[in-house]
Amino acid sequence: MNYFYFPLEEWTNMFVDDWLIPTLGGFFDGIRAMIGWVLDIVASILLWGPPELWAIIIIAIAWKTAGRGVAIFTLIGFLYLGSVDLWVEGMQTLSIVIVATIFSIIIGIPIGIWSAKSKTADRIIRPILDFMQTLPSFVYLIPAILLFGLGGVPAVISTFVFATPPCVRLTNLGIRQVPEDVVEAARAFGATSWQMLTKVQFPLAIPTMMAGINQTIMLALSMAVIASMIGAPGLGNIVLAGISRVNVGLGLIGGLGIVVLAIILDRITQGLNPKKT
Amino acid sequence: MKKIEVKNLTKVFGSHPKKGISLLQEGKSKDEILRETGMTVGVNRASFDVEEGEFFVIMGLSGSGKSTLIRLINRLIEPTDGAIYLDGDDISKMDKTALLNVRRKKLGMVFQRFALLPHRTILNNVEFGLEIQGLDPEERGKKAKEAINAVGLAGYEDSYPDQLSGGMQQRVGLARALASDTDILLMDEAFSALDPLIRKDMQDELLTLQEEWKKTIIFITHDLDEALKLGDRIAIMKDGVIVQIGTSEEIMRNPANEYVSNFVEDVDRSKVLVAENVMIKPDVVTTFKDGPRVAVRRMQEKGISSIFVVDKGGKLKGLLTIDDAVDAIRTNKWVEDVLIQDFHQTDPDTPLTDLIGVAAETKYPIAVIKNERLAGIIVRVSILSGLVLGKGENGVEESEDNIKQMVGDSITEDVKQGGEQS
Numbered sequence: 001m002n003y004f005y006f007p008l009e010e011w012t013n014m015f016v017d018d019w020l021i022p023t024l025g026g027f028f029d030g031i032r033a034m035i036g037w038v039l040d041i042v043a044s045i046l047l048w049g050p051p052e053l054w055a056i057i058i059i060a061i062a063w064k065t066a067g068r069g070v071a072i073f074t075l076i077g078f079l080y081l082g083s084v085d086l087w088v089e090g091m092q093t094l095s096i097v098i099v100a101t102i103f104s105i106i107i108g109i110p111i112g113i114w115s116a117k118s119k120t121a122d123r124i125i126r127p128i129l130d131f132m133q134t135l136p137s138f139v140y141l142i143p144a145i146l147l148f149g150l151g152g153v154p155a156v157i158s159t160f161v162f163a164t165p166p167c168v169r170l171t172n173l174g175i176r177q178v179p180e181d182v183v184e185a186a187r188a189f190g191a192t193s194w195q196m197l198t199k200v201q202f203p204l205a206i207p208t209m210m211a212g213i214n215q216t217i218m219l220a221l222s223m224a225v226i227a228s229m230i231g232a233p234g235l236g237n238i239v240l241a242g243i244s245r246v247n248v249g250l251g252l253i254g255g256l257g258i259v260v261l262a263i264i265l266d267r268i269t270q271g272l273n274p275k276k277t
Numbered sequence: 001m002k003k004i005e006v007k008n009l010t011k012v013f014g015s016h017p018k019k020g021i022s023l024l025q026e027g028k029s030k031d032e033i034l035r036e037t038g039m040t041v042g043v044n045r046a047s048f049d050v051e052e053g054e055f056f057v058i059m060g061l062s063g064s065g066k067s068t069l070i071r072l073i074n075r076l077i078e079p080t081d082g083a084i085y086l087d088g089d090d091i092s093k094m095d096k097t098a099l100l101n102v103r104r105k106k107l108g109m110v111f112q113r114f115a116l117l118p119h120r121t122i123l124n125n126v127e128f129g130l131e132i133q134g135l136d137p138e139e140r141g142k143k144a145k146e147a148i149n150a151v152g153l154a155g156y157e158d159s160y161p162d163q164l165s166g167g168m169q170q171r172v173g174l175a176r177a178l179a180s181d182t183d184i185l186l187m188d189e190a191f192s193a194l195d196p197l198i199r200k201d202m203q204d205e206l207l208t209l210q211e212e213w214k215k216t217i218i219f220i221t222h223d224l225d226e227a228l229k230l231g232d233r234i235a236i237m238k239d240g241v242i243v244q245i246g247t248s249e250e251i252m253r254n255p256a257n258e259y260v261s262n263f264v265e266d267v268d269r270s271k272v273l274v275a276e277n278v279m280i281k282p283d284v285v286t287t288f289k290d291g292p293r294v295a296v297r298r299m300q301e302k303g304i305s306s307i308f309v310v311d312k313g314g315k316l317k318g319l320l321t322i323d324d325a326v327d328a329i330r331t332n333k334w335v336e337d338v339l340i341q342d343f344h345q346t347d348p349d350t351p352l353t354d355l356i357g358v359a360a361e362t363k364y365p366i367a368v369i370k371n372e373r374l375a376g377i378i379v380r381v382s383i384l385s386g387l388v389l390g391k392g393e394n395g396v397e398e399s400e401d402n403i404k405q406m407v408g409d410s411i412t413e414d415v416k417q418g419g420e421q422s
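Top to bottom, those sequences are chains A and B.
Numbering follows the working numbering, in which position 143 of the first sequence is assigned residue number 143; successive positions increment by one, without gaps.
Numbering follows the working numbering, in which position 7 of the second sequence is assigned residue number 7; successive positions increment by one, without gaps.
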């Protein structure tokens, strides 16, 4: 089938090496510095003080949002993380997830609102989201290294790319789902578009948006593990070490640690969803 | 004083609305325009005015453009052509800020499906319009409470809409519109989603509220009974055109065209109840072989003061009162000698209205005779309740069976009470 050669590979490399990095290098350095700074803050907060402090705080949050059962599970999970000596790695993974999720929410929700309000925006954004979700994650690990080097920052970036789409999509959906007659009523009473958004559409969209944020966190966790391949610290690293050394036990304790974190995060974010009495 | 003046208001939905306007001016009909251009004429050069404090009803079937028309007034739908003067200012020419101000201060609206905010309490829902206007919380709470009291929902301030019945939710919708204290209320089929009895209550209350709060109301409905009951004046719409404007009397007496007269006839037909509709089965009749003692006992059993007497073939012989029956026992007379004949007889097809006079005069039940047999009896109250229930309040949709049922019940009551009194 090769009637002609399509040098996409060479062009891409030329574009990245000869134009992207020289021209926008400063810009990427800025992003790197900013994300690195945020990541450092979150990681050092989570690793500040004795692990017991954070364990108690997170268990309390779990109890408050998701009930006693989840709190007990959290306690058992944390005892496990401590007993296999993976507390630090767990918190490192958690800090990448938290930072990536924060960026996903900060950027994803406004884009979701925009695409709910404008058909044109929706038409442009939708294929980009499809692209972000279907492109194999390993593919953008490579440019992430090129542009941001190794370590936590490229991990946050690639996690952000992977985890943002559900946040955008479900914000969009949540706002579009607001009943037409309620929107019409708000208009009839003289609401501005900002009032419409803040007093009507946003509050009614929150349950759907929370489902999106939950999805974002879950995807962020899975990507934060894969990102260990580009030097992200955390539980993924343990699993990676287990694979490279064919150490089944090491892989298992790392993998179980990820499962524990995933379940805790999932239950807590689901519990955050406002329940009507 | 004219509160609202609507002049040539037109809405054409489609790709080239301006072309639709010129086609309308050429005299093409809604159907022709749809066929030729694919555009839909929502409202076709509607003109009317509403006086201050007037209750103006716009009536039409679905698709007649009435809901579009009411939305053109506060520009929830942008007019294609024409003008809406509110206190002399043309709403259709207003910029965004002025329009928002008019919506906030002058045009309250109530919706068919209530359109309440499910995440807010009743109090916060009622406050919505005031909150949009930027009033401080204390003042808007005060005004909202006033409105909630006015619609009779005091005590429900902290409930959520889904905890309330449909009728109560619409009260909240009404309170929300009242709280903003606008001069004008736009009501889009406000009571159509409610069941008939609740609808009647709401109509009554709305009339009371209007008297108290002196609102100018533009009310949309597809129900002519509702229109006749509520409207000071009624505009009837068909295919986007206002075909007639007038008081209930004018419209009933002098329908502008066939469309309107069809409507009115429809109402009349459902309104004209005949004797047969309200009569009850004469299940308390002594046949001739029974003596006065049997008659007395049967009257005691049923708690009535008189009873019709028929022969074996069911032919009516006369009316026996309890006094005469007792007399007959004492003087040992035969029932036939004491029967009264001065009661009124009627056909099953006699309109109820013709029986009003009779009912006022006679103290006995009216006998309904069909094929020379006693088919049923009518007591006074059944005529009155038939007129009341049949007319207006319950709407055309109310099935005849239902009316019969209700009337029947009240007759039974009446028979018993009448028996005790006389």
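Warning: the hint list may mix true and false statements.
Computed list of lysine to aspartate or glutamate pairs in EDC-like fashion (alpha-carbon distance at most 20 Å, straight line) [what the hints assert, rightly or not]:
(1) B:LYS315 - B:GLU361
(2) B:LYS312 - B:ASP327
(3) B:LYS281 - B:GLU372
(4) B:LYS317 - B:ASP342
(5) B:LYS105 - B:ASP81
(6) A:LYS199 - B:GLU205
(7) B:LYS7 - B:GLU36
(8) B:LYS105 - B:GLU212
(9) A:LYS199 - B:GLU131
(10) A:LYS199 - B:ASP337
(11) B:LYS214 - B:ASP232
(12) A:LYS64 - A:GLU52
(13) B:LYS96 - A:GLU52
(14) B:LYS19 - B:ASP89
(15) A:LYS117 - A:GLU52
(16) B:LYS312 - B:ASP232
(17) B:LYS312 - B:ASP337
(18) A:LYS117 - B:GLU78
(19) B:LYS2 - B:GLU36
(20) B:LYS315 - B:ASP290
(21) A:LYS199 - B:ASP232
(22) B:LYS302 - B:ASP347
(23) B:LYS145 - B:ASP89
(24) B:LYS2 - B:ASP89
(25) B:LYS315 - B:GLU301
(26) A:LYS199 - B:GLU138
(27) B:LYS105 - A:GLU184
(28) A:LYS199 - B:GLU372
(29) B:LYS214 - B:ASP204
(30) A:LYS199 - B:ASP342
These are calculated hints, taken from the structure and not from any lab test.
Computed from a predicted structure; not experimentally measured.
These are the hints, each one checked on the structure:
1. B:LYS315 - B:GLU361: 25 Å, violated
2. B:LYS312 - B:ASP327: Roughly 24 Å between the alpha carbons, so the hint for LYS312 of chain B and ASP327 of chain B is violated.
3. B:LYS281 - B:GLU372: Distance ~15 Å between LYS281 of chain B and GLU372 of chain B Cα, so the pair holds.
4. B:LYS317 - B:ASP342: Since the Cα atoms of LYS317 of chain B and ASP342 of chain B sit roughly 12 Å apart, the hinted pair holds (cutoff 20 Å).
5. B:LYS105 - B:ASP81: Distance of about 24 Å is beyond 20 Å: violated.
6. A:LYS199 - B:GLU205: 30 Å, violated
7. B:LYS7 - B:GLU36: Answer violated: LYS7 of chain B to GLU36 of chain B is near 26 Å, above 20 Å.
8. B:LYS105 - B:GLU212: 19 Å, holds
9. A:LYS199 - B:GLU131: 10 Å, holds
10. A:LYS199 - B:ASP337: With a Cα-Cα distance of about 83 Å, the restraint between LYS199 of chain A and ASP337 of chain B is violated, given a limit of 20 Å.
11. B:LYS214 - B:ASP232: 13 Å, holds
12. A:LYS64 - A:GLU52: 18 Å, holds
13. B:LYS96 - A:GLU52: Violated, at about 58 Å.
14. B:LYS19 - B:ASP89: Since the Cα atoms of LYS19 of chain B and ASP89 of chain B sit roughly 27 Å apart, the hinted pair is violated (cutoff 20 Å).
15. A:LYS117 - A:GLU52: Violated, at roughly 46 Å.
16. B:LYS312 - B:ASP232: 56 Å, violated
17. B:LYS312 - B:ASP337: Distance ~18 Å between LYS312 of chain B and ASP337 of chain B Cα, so the pair holds.
18. A:LYS117 - B:GLU78: 19 Å, holds
19. B:LYS2 - B:GLU36: 39 Å, violated
20. B:LYS315 - B:ASP290: 15 Å, holds
21. A:LYS199 - B:ASP232: At roughly 37 Å apart (the allowed maximum being 20 Å), ASP232 of chain B and LYS199 of chain A break the hint.
22. B:LYS302 - B:ASP347: With a Cα-Cα distance of about 25 Å, the restraint between LYS302 of chain B and ASP347 of chain B is violated, given a limit of 20 Å.
23. B:LYS145 - B:ASP89: Cα-Cα ~32 Å, so violated.
24. B:LYS2 - B:ASP89: Satisfied, since the Cα-Cα distance of roughly 12 Å is no more than 20 Å.
25. B:LYS315 - B:GLU301: The hint is violated at about 23 Å.
26. A:LYS199 - B:GLU138: It holds: about 18 Å lies between the C-alpha atoms, which stays within 20 Å.
27. B:LYS105 - A:GLU184: Holds - the C-alpha atoms of GLU184 of chain A and LYS105 of chain B are around 17 Å apart, at most 20 Å.
28. A:LYS199 - B:GLU372: 73 Å, violated
29. B:LYS214 - B:ASP204: 15 Å, holds
30. A:LYS199 - B:ASP342: Since the Cα atoms of LYS199 of chain A and ASP342 of chain B sit roughly 74 Å apart, the hinted pair is violated (cutoff 20 Å).
Checked against the numbered hints listed earlier, the structure breaks hints 1, 2, 5, 6, 7, 10, 13, 14, 15, 16, 19, 21, 22, 23, 25, 28, 30; every other hint is satisfied.
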